[in-house]
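Chemist: Listed below, chain by chain, are the residues.
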Amino acid sequence: MTEAVSEYVGPSPLAGDEVLRVDGLHTFIQTDSGVVRAVDDVSFSLRQGEILGLVGESGSGKSVTCRTLMGLMPSPPARSIGTVSYEGFPGRNLLDARGSELQRLRGAHLSMIFQDPMSSLNPVMRVGDQVEEAVGSHERLGQRERRKRAAELLDRVGIPAAHRRMRGYPHEFSGGMRQRVLIATAIASKPRVLFADEPTTALDVIIQDQILSLLLELQRDSGMSMVLVSHDLGVIAEMCDRIAVMYAGEIVELSDTTTLLTAPRHPYTISLLRSLPDSDQRSRYLPSIVGTPPQLTDVEPGCRFAQRCPLMTDECRTWTTELLSPGEGEHLVRCRRHDDARRPELWPEQSSV
Amino acid sequence: MARTSFVARRILQVIPVLFGITVVTFFLLRLIPGDPALAILGEHYTKASATQLRHSLGLDRPLIVQYLMYMQHLFQGNLGESIFFREPARTVIAERLPATLFLVFYSVMLAILISIPTGIISALRRGGVFDQTARVTTLVGFAMPGFWLGIIFIIIFAVHLQIFPVNGYGTSFWGHIDHLFLPSLTIAIGFSTILIRTLRSSTLSALNADYVDTARIKGISRFAVHRRHVFRNSVIAVVVVFGINLAFLIGGTVIIENVFSIPGVGSLLVDSVGTRDYPVVQGVTLVLAVFVVVINLMTDLAHSALDPRVMVE
Amino acid sequence: MSATASPAELLYERLQSRSHPRAGGWARRHGTLLVGAGILAAIIVAAVAAPLLTPYNPDTLDPLHPLAHPLSPGHILGTDQYGRDILARILYGARIDLLIAFGATSVTLVVGTTIGLISGYFGGWLDSLLMRIVDLFFAFPFFVLVIAIVAMLGPSLFNMFIAIWLTSWIAYARIMRGHTVVAKNREYVLAAKALGYRNHRVMARHILPNLVSFVLIFAMVDAVGNVLLGASLGFLGLGAQPPSPEWGAMISDGQNYILTSWWLSTFPGVAIVLVGVGFSLLGDGLADLLRTGD
Chain A
40 MTEAVSEYVG
50 PSPLAGDEVL
60 RVDGLHTFIQ
70 TDSGVVRAVD
80 DVSFSLRQGE
90 ILGLVGESGS
100 GKSVTCRTLM
110 GLMPSPPARS
120 IGTVSYEGFP
130 GRNLLDARGS
140 ELQRLRGAHL
150 SMIFQDPMSS
160 LNPVMRVGDQ
170 VEEAVGSHER
180 LGQRERRKRA
190 AELLDRVGIP
200 AAHRRMRGYP
210 HEFSGGMRQR
220 VLIATAIASK
230 PRVLFADEPT
240 TALDVIIQDQ
250 ILSLLLELQR
260 DSGMSMVLVS
270 HDLGVIAEMC
280 DRIAVMYAGE
290 IVELSDTTTL
300 LTAPRHPYTI
310 SLLRSLPDSD
320 QRSRYLPSIV
330 GTPPQLTDVE
340 PGCRFAQRCP
350 LMTDECRTWT
360 TELLSPGEGE
370 HLVRCRRHDD
380 ARRPELWPEQ
390 SSV
Chain B
275 MARTSFVARR
285 ILQVIPVLFG
295 ITVVTFFLLR
305 LIPGDPALAI
315 LGEHYTKASA
325 TQLRHSLGLD
335 RPLIVQYLMY
345 MQHLFQGNLG
355 ESIFFREPAR
365 TVIAERLPAT
375 LFLVFYSVML
385 AILISIPTGI
395 ISALRRGGVF
405 DQTARVTTLV
415 GFAMPGFWLG
425 IIFIIIFAVH
435 LQIFPVNGYG
445 TSFWGHIDHL
455 FLPSLTIAIG
465 FSTILIRTLR
475 SSTLSALNAD
485 YVDTARIKGI
495 SRFAVHRRHV
505 FRNSVIAVVV
515 VFGINLAFLI
525 GGTVIIENVF
535 SIPGVGSLLV
545 DSVGTRDYPV
555 VQGVTLVLAV
565 FVVVINLMTD
575 LAHSALDPRV
585 MVE
Chain C
228 MSATASPAEL
238 LYERLQSRSH
248 PRAGGWARRH
258 GTLLVGAGIL
268 AAIIVAAVAA
278 PLLTPYNPDT
288 LDPLHPLAHP
298 LSPGHILGTD
308 QYGRDILARI
318 LYGARIDLLI
328 AFGATSVTLV
338 VGTTIGLISG
348 YFGGWLDSLL
358 MRIVDLFFAF
368 PFFVLVIAIV
378 AMLGPSLFNM
388 FIAIWLTSWI
398 AYARIMRGHT
408 VVAKNREYVL
418 AAKALGYRNH
428 RVMARHILPN
438 LVSFVLIFAM
448 VDAVGNVLLG
458 ASLGFLGLGA
468 QPPSPEWGAM
478 ISDGQNYILT
488 SWWLSTFPGV
498 AIVLVGVGFS
508 LLGDGLADLL
518 RTGD
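Chains as they are written, first to last, in the numbering used here: chain A, 40 to 392; chain B, 275 to 587; chain C, 228 to 521.
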């Protein structure tokens, strides 16, 4: 469970159709090599029925963000602070939820699916029992009713012959099937918000498609909101209404999908997009971004992307970063040169490396 | 269906091992340097009786024939004749077996009682006082000779505090419980050091497992997460280790029986070394080995019952 | 720096001050290993330097001072029923018990590892045969088998060594074989073979170095086991024979006097535990070293 300190006496109420609002979330993790600033000043909101994408490379903080919100970060090494308002926990900071409150919220309000289906199911428990466990966690149901609902759920997520296969053990299922089971488990108590942490990364491409379609279907049917985490821009682009790009623990750009893909303003986002394979390209090589992200244990002031940024100037290194709004709609960028970033002539030639 | 074929396969696999055991025990006698007849007869050695003995033991026949004779005797339940007791070895051993079995069973119960809570609490409160104490204690306990611990227990509890009898087996069921408490505790402590370490480590792994996160986000109680997911998995590792180390436990009973003067097969074994009662030595070795094989089989089956992945081989 | 740092930064500062990066140098990080090695080194030195550390011989009888209490003049640890100095017996006994620890372990280690390596590498009928033998030996309670062998050969320290050598190599063979089977399909081995290296070279120079650490860690545990085994047999009179100052035999000797002269059996026991703890810590330290990638 996360240990947190609220910033305000009580979080401000949610606007209109907001389901979840995260304000200034920080997660620090104590390790042998120092304190890791895994999530640094992350703010975003999630609306009713929308899919928000969190995209970034490994270590950017996208998983830790979701885990913090679910209360899954083990508290001695990890500590979080910030204000999180959730409609199902009115007037309280979600980070303060403990014990039975947290139990009430998990499953029926907030749910999550994880990256590796191979290890996310209890290997010595029947699959049906694990789904039933989710079904029965928030409602008092008889055995027969639980079994029935579990079978229906499995059927809904595309497990053939659900009644029979329920008796099986996880190792008897393929990766894609297991992920379906996990999805069934996650939506069993009809959550309002689903965090999907790289749900397709460990699966083959064909199965990926199926799983993503399934998620989309389920989301449309139930109206739940989803936070989809991935390092794959393609997946994010397909599924999400809005996208938040994360780098080194911070959100560096946040916008609706179309704007982000057609008119990105952060040099990191732009570099990411430029490194995607494009059929027009004449060069045989894909440009990649030079360098690596900074160590999150000794973070220096200034822009964290500066070292690798083609538009970097000296001021970038000392600038206390904040999210700026270029003015068009709800677009936020953490770059002081975001206007210049829109000018292609300032960018170096696509280098072939 | 898969399960019955698995069980059948496992049982069949035991048979060659049992045969192998007979081969090893057979060869034990052949280790005796010099003339076995001399060794066996000792002071009663006369040329005539030596020749007679050699003939009756089949020592004048080819090795294969000797082995077949040995096997034939085994199938008839004949373990040879005890030189010291002048009785069939089988009778002597059978008389002493119950005490050892009681001791082993008692030790296992105590070991489980000690290890499971300790291992689990150590893992759940990792780094805490309990954990650190447990780790130091298991470290020292592992290096401690059982017989030494036994002696210390006798001094403290039997002689000074007079809570338990000093030695022996007792004559009734509760008498056994009383007399065998200290020796079983001694064995259990040694055995527990391994079990605790394993359980602690497997519980820590289980606590960090992905499937435990999946369980947590369902909104079930922490207790339910631990019981249904963490412990179900971590205890399996202990079952496996238990089987492997059982042989070690049996070895421990031999010396403890000696320290506490318990009339079991272990002390019989040690005494028989002194009296050069070779058939008994051989017989006890055989019986204990078979016992270990049977227990290992049962542990294997228990393991497969707990972990369905085992049958997929 | 603004005077009012945000609560987040305050939390960060607090956490930073609390977590001390373990940069205490090599020594601090490998404490377990060093303590274990230190204990063993101390005991080895004490054993070797025994004549320098005590004026007595372990067998010198002193009928004038039997059962002297510890800290009596001239006898720090007291004397036994024959007036033999306990400290001297422990120091010279260390030679025997250390000999058991190293002598029994090293031979079984070398033999077992070699057999396991060959068996795992070549596979085939040789491997199957070996695995059958391994399974077979594991059916026997090890201690019982050793006693039985010693019974046949005749109780003596040397016969005890033979019994251990005959039976203990199995565990090493099994471990080594298991690791070899995995290793031989790894790229670095396939590469070596593709380069045309002869089998024995692949085994010795490529596979073995990577697996040595696993075997060594097990050897530490085995060493503790051998010390306890030697002491147990000594206790039973089946290993080291009187008047040998082997620690197990000493404990047995002191049994009859345990009520009044506790030191006869206690100090040898402490010595055994010390050696055992030394090896265990050394093994744990090695395991840690292995895990954090050398």
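Errors might be hidden in some of the hints.
Distance ranges between label pairs, derived from CB positions [what the hints assert, rightly or not]:
| id | chain 1 | residue 1 | chain 2 | residue 2 | range |
| --- | --- | --- | --- | --- | --- |
| 1 | A | Ser72 | C | Ser383 | 53 to 63 Å |
| 2 | B | Ser535 | C | His427 | 31 to 41 Å |
| 3 | C | His427 | B | Phe358 | 28 to 38 Å |
| 4 | B | Gln287 | A | Lys229 | 31 to 41 Å |
| 5 | B | Gln406 | C | Val409 | 30 to 40 Å |
| 6 | B | Gln406 | C | Trp352 | 30 to 40 Å |
FYI, nobody ran anything at the bench for these hints, they're computed from the structure.
No experiment lies behind these values; they were computed from the predicted model shown.
We put the beta carbon where it would ideally sit given N, CA and C, even for glycine.
Chemist: Taking the hints in turn, state whether each one holds.
Modeler: Evaluated hints:
no.	hint	result
1	A:Ser72 / C:Ser383: 53 to 63 Å	56 Å, holds
2	B:Ser535 / C:His427: 31 to 41 Å	54 Å, violated
3	C:His427 / B:Phe358: 28 to 38 Å	52 Å, violated
4	B:Gln287 / A:Lys229: 31 to 41 Å	50 Å, violated
5	B:Gln406 / C:Val409: 30 to 40 Å	35 Å, holds
6	B:Gln406 / C:Trp352: 30 to 40 Å	51 Å, violated
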